[in-house]
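Chemist: Sequence:
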Amino acid sequence: MLEITIGVFLHGKIGIRWWDITTNSWSSETCKVEEIDGYYVSKCTHLTDFTLLVDGIKTDPILCDKVLEIVNYIVSIGSMFSLLVLNVIYIIILIPPLSQKIFSNIFLKIVPKSDKNIAAFIYSFLLFLFFFIFTLFTNQDQVVIKTGCYIVAALNYWLLMTFV
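Each step along the sequence shown adds one to the number in our numbering, with nothing skipped, and position 4 is 4.
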């Protein structure tokens, strides 16, 4: 008998499933799982490949706490604001007459001319766009049109791939 020990999760139910070689898929049967001294102990009677599945609950009180939702919005809005300021600085630096008018010569001496990089501006703009879309559409219960979710998911995937 194989015994696996795993730390206890904050929320959700876990299950240890094994690879069924007859159906070439994960078995619907789970191994026996017990909680002992703050750990989950799983006991299985076969020696194939195993996986740990955590079945999270969408309405888990730990995850749906109003304070956590407020912290999420504060962090997201703060990130968007800082990226917006960064984008404005990039735009000012990329346009020489504007940068000379707004910033003093001291700032222009600190920033080397080689730092006028359009790729960095595009990168920070896409990161800002990602945060903006993620913040708006993070709560699926507030989204009315489900097709919009697919469009946003595709856009977020594209934005994620541009960062890689």
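Please note that the accuracy of each hint is not assured.
[Stated by the list, open to error] Cβ-Cβ distance ranges computed for the label pairs, FRET-style:
hint: 1; residue 1: Tyr123; residue 2: Thr147; range: 27 to 35 Å
hint: 2; residue 1: Phe125; residue 2: Pro96; range: 18 to 26 Å
hint: 3; residue 1: Lys43; residue 2: Ile74; range: 41 to 49 Å
hint: 4; residue 1: Ile118; residue 2: Leu155; range: 17 to 25 Å
Since the hints were made in silico from the structure, they are not lab data. Fair warning: this is a prediction, and the values are worked out from it, not measured in the lab. Cβ coordinates follow ideal geometry from the N, Cα and C atoms, glycine included.
Chemist: Give a verdict on every hint.
Modeler: Right, here's what the structure says about each hint:
With their beta carbons about 29 Å apart, Tyr123 and Thr147 fall inside the hinted range of 27 to 35 Å. With their beta carbons about 20 Å apart, Phe125 and Pro96 fall inside the hinted range of 18 to 26 Å. As the Cβ distance of Lys43 to Ile74 is approximately 44 Å, the hint placing it in 41 to 49 Å holds. The hint said 17 to 25 Å for the Cβ distance between Ile118 and Leu155, and at roughly 22 Å that hint holds.
In summary, the structure agrees with every hint in the numbered list given earlier.
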